[in-house]
Structure formats: structure tokens, C-alpha cells
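Novice: For the record, the sequence lines run as chains A and B. Start counting the first sequence at 91; every next residue gets the next number (my numbering). Start counting the second sequence at 672; every next residue gets the next number (my numbering).
Be aware that one or more of the hints could be misleading.
[Unchecked claim] Capping the alpha-carbon separation at 27 Å, the derived lysine-lysine pairs in DSS-like fashion look like this:
#1 LYS200/A with LYS799/B
#2 LYS731/B with LYS220/A
#3 LYS799/B with LYS220/A
#4 LYS120/A with LYS144/A
#5 LYS705/B with LYS717/B
#6 LYS160/A with LYS139/A
#7 LYS226/A with LYS734/B
Treat the hints as calculated values from the structure; they're not laboratory data.
Below are the chains, spelled out letter by letter.
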Amino acid sequence: MLKGNLTCENISRLILPYIDDKLTLEQRNKVALHLRNCPFCMEKYRIIKSLFDKIKQRNIQRAKKFQQYKLLSAYCDNEVNENTRHNIEASLALSCELTQRAIKIDMLKKILNNTFESRFQNLELNLEKKVMERLKKDNIFYKIMNIFIKN
Amino acid sequence: MKYNAKNNNLDELIELARSGDTDALEEIIRRQQKTVFTTLYYLNAKPDEIMDLTQEILFKVAKNIKKLKNPRTFKSWLNQIIINQFYDTLRKKKKSVKKVCLDSQESEKTNFEIPDFASNPYQKVVDKELEFAIKNSIYKLPDPFKAAIIMRELQGLSYEEIANATNSNIGTVKSRIARARLKLQEYLKPYLS
Numbered sequence: 091m092l093k094g095n096l097t098c099e100n101i102s103r104l105i106l107p108y109i110d111d112k113l114t115l116e117q118r119n120k121v122a123l124h125l126r127n128c129p130f131c132m133e134k135y136r137i138i139k140s141l142f143d144k145i146k147q148r149n150i151q152r153a154k155k156f157q158q159y160k161l162l163s164a165y166c167d168n169e170v171n172e173n174t175r176h177n178i179e180a181s182l183a184l185s186c187e188l189t190q191r192a193i194k195i196d197m198l199k200k201i202l203n204n205t206f207e208s209r210f211q212n213l214e215l216n217l218e219k220k221v222m223e224r225l226k227k228d229n230i231f232y233k234i235m236n237i238f239i240k241n
Numbered sequence: 672m673k674y675n676a677k678n679n680n681l682d683e684l685i686e687l688a689r690s691g692d693t694d695a696l697e698e699i700i701r702r703q704q705k706t707v708f709t710t711l712y713y714l715n716a717k718p719d720e721i722m723d724l725t726q727e728i729l730f731k732v733a734k735n736i737k738k739l740k741n742p743r744t745f746k747s748w749l750n751q752i753i754i755n756q757f758y759d760t761l762r763k764k765k766k767s768v769k770k771v772c773l774d775s776q777e778s779e780k781t782n783f784e785i786p787d788f789a790s791n792p793y794q795k796v797v798d799k800e801l802e803f804a805i806k807n808s809i810y811k812l813p814d815p816f817k818a819a820i821i822m823r824e825l826q827g828l829s830y831e832e833i834a835n836a837t838n839s840n841i842g843t844v845k846s847r848i849a850r851a852r853l854k855l856q857e858y859l860k861p862y863l864s
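With the rest of the complex left out, here is chain B:
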């Protein structure tokens, strides 16, 4: 009887994928896509680019998984890919000449709205304001603080994993997370009292 990849834990799937098992690889992609998407969302990727970026990152993961030496470092490795890809895209965009469509009346959107996937309308209304405040507060953080707090609170990465993902040491991660928290506490004060 063929095994079902859905029953394996992430470490087992990584081992199988590294030895060329495509079912295991597909299951890894299926499990990680939401993490990649939400991380990009809070890093502030543009709504019209977020899907393409997610796909690009997942493709890099699929293509390079055999190069990953230790399955235990998968989360750090994945985040390295996310961060590199995200900031590479930003850098390329800054270098390219901005094209302006003369026919379009729409001004550039600064408020990054993406489709809301919550099914409960009441909950949607209650959470919307807080969600908006959180998104904006994270947006205001300096890049290294932003990445560290997203990896910690959104993905639940350990300080060591964050340090590996950001090429820094644990002391730096500790400082970045603490500074991000101080800033967020300041920005979100009305919601924390």
C-alpha cells in the first residue's frame, strides 16, 4: 500500500523530498504556502504581487530542497528565501523606471487591501479595526525588527531559527524583538489597555 504523505511530519517529509519523493515535496508546498503568503502580507508585499511572489518562493523551495543539508534548519532556510526574494523584488522595483498610465484615474494605493477570507461577518467587523492597526503598526517598524517579530509571532520560530534566517546572532534577535515590541506597544496602546 502506498504511503500517504499527509500523515508524515515535516521533518519526515523533508527527508523524503530530499531523496526525490515528489508526493512529499508537494505536501511540503501545500503546508507552507499559507506561511509564505501571510509572511509576505505582513512584510507589506503589494496585493497584486503577493501571489506571484508566494509562488516564486515556493518554486525555489521545491527546486532547491535537495540542497538543504539539515531538515531541522528548514524553517530558517525557508525564511531566508522569503526575505531574500522579497527584498530583491523591492530593490529591482526601485531601480526600474516607474511607468505611469495616462488613462488611469486611480492613484497609487498606499492602503494595502487584500481580499478578506473570514467567513463570519460579525467577527470580520470586530477584528477589522484591530487587524488594520496591527498591519499598519508592523508596516511602520524598521525592516530588521519587522522580519524578526513576524517570524516570532506569526510563525513561532525560535530565536535561534530567526538568527539563522537573518544571518545574525541570538543577542541581536533578542534586541530586535524587544525593540519591535516596544514600538508595537506604543502604536497599539489603545488596544492594550
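If we strip away everything but chain A, and leave its shape as in the complex, we get:
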């Protein structure tokens, strides 16, 4: 159905960019005009918009949760400034969930550190002599090369 210069088929393609605010003003106006006059497309728009809002909200919450985790992770590494440290400690005192997350980070740090330490505790490589020997040969080679280049 042609309403406001756009068919229902056009609207199907334009609904998402319309909701996501990716259209030009002229395009937006045309879509809005069609929606006002087409109950079928309006219903479709409402369903998609509600789904879109839910996803957006979930993403915002996820991002917020990650920001909080990121701060906590940096706090466990002692990589936050004094002010942030105080704020985090105040939040930790009030929230069991947050405290548990901090404990988990700490546990992870411990098992990683212990494993890294014990895994190669007795490793003997003794590469220093080989490297120094190679460096010596390399220096001699470059000295000879320089003599040839100068001559």
C-alpha cells in the first residue's frame, strides 16, 4: 500500500534504521507519515520497537555490569586511584554480591599465580652463555662487514 510515498515493503526495510535513528530527516518524516496512516505497519513497528528497546536495555545493563566488574578487577590489581578505591570499598561493605565477585577475582588471581610459579619452579635454561656467544660472533661479523664496506 502506498502511503506518504512509501510502500509497506519499503517500510519493512526502513523500520530498523528508523528505530535506531539512522535515517535522514526527510526519510524519517516519510516513514512517520506512512506509520500514521497504516495500522498494519504501525503494529509491526510497535512489536519491533518493543523488542529493540528490550535488547537495548539489556545491553545497557550488561555494559554497566561490565564497567563495575572492570573497576573491581582493577581494584584487585591495586590499579585504581585513591578516590575510586574508597568508593569501591564503601560499595563492597554494602553489597554481598559485589564482595563475592571480588573474592572470585582474588581466587582466580591466586590459582593463576600459584600455578605459574610452581609450573616452572625448577626450570633451568642456561641460555645466557649461548646468547652472549652469538652476540660476540655477530659483533665480529659486523666489524668485518664494515671493513669490507669501507674498502
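Please build the complex by placing chain B on the supplied structure of chain A, with the hints as guidance.
Specialist: Only chain B this time, still in chain A's reference frame:
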């Protein structure tokens, strides 16, 4: 009486090495070799290449130490060399044609086993499963997360040092470490409860 390089701290050794002291340079190599080796191990260098790669990286350190302007940036600089060398080798390998030995029955190893150096057999058994799980979990991380968490937890580098080593900013390092931790917590869940 000649000084003993073993008594100096890393910053002093770097200063001495930059002015041409070979004893100091040798001591730096001796101290850093294990760090280079273990970093490569957790970055997942192949067991048959890890020793050569370690040697190559240490040689680059020895050869270029005079170019290092600030001894305080040594750890970042060393890690830059490790990461560049490791990924260069990977890239070169991807480009080269794979050769298949028709006589060999052995299939390509995906489980990277390297000799176990722990001396206590009991401890070895107890730690083996966890060590294997950690190695595999780190292996599954995307490359930037992997490098960041290894530098932090294995080497104890600060966020600033990691940022310098990976040519990124502290905010990015913070995110990478946090994301790596979230993933590792998921993979290692049975060991964290």
C-alpha cells in the same frame, strides 16, 4: 676487586649493560630467560620451537639493549619484543606451505606438552589437572586478552607497563584484563567454587 653482577638490581644492570658491560648483560639474560620462556609457553608457542624462540628474543634483547632509552621501560620493551617475535613467527608459518612427511605416522599435536620440571611427584599429580585447565583456558582467550593477562598475572606488570608493551592505553588494558578474567572465571568455574 671486580664487582659481581649478581648483586645488582635490574635497573643497575640495565644501566651497566647500556654502557657496554657484558657481565651485566649476561646477568640480565640469565634473569629474564625464564620469564621469556614461560610467557611463550602460555602464549602457546609450540614445544619444539619454544627454546629457539626464547633464544632469538634474548639475542634481540642483548643486541639492542643500548637502544633502550629508559631502564624503567625495560619490562614493556622486553614484552614488545616477545609479542612481536611470537606473532611474526606465527604469521610467517601461516604464509609458508605446510610440508607433510609421508613416512611419519604421528598426527599433528594439538595438546602442547612440554617436559615437566616439577621435582615433587605428588605435587606434580595434584597440580597437573589444574595446570592443564589453566593452559587450555588461556589458549581459548582472544590474543589481546591473552597477552594482557599473561603480562599481569605471570610477570606482575603494571597496567601502564602492559599498555606500553601492547601499544595501547591504560583503559584498554583495564578492559582486556577484566574481559580475560571473566572468560577465565567461566572456563575454570569448577576450580573456583
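Novice: Check each numbered hint from earlier against the structure, then list the numbers of those it violates in ascending order.
Specialist: 3 and 6
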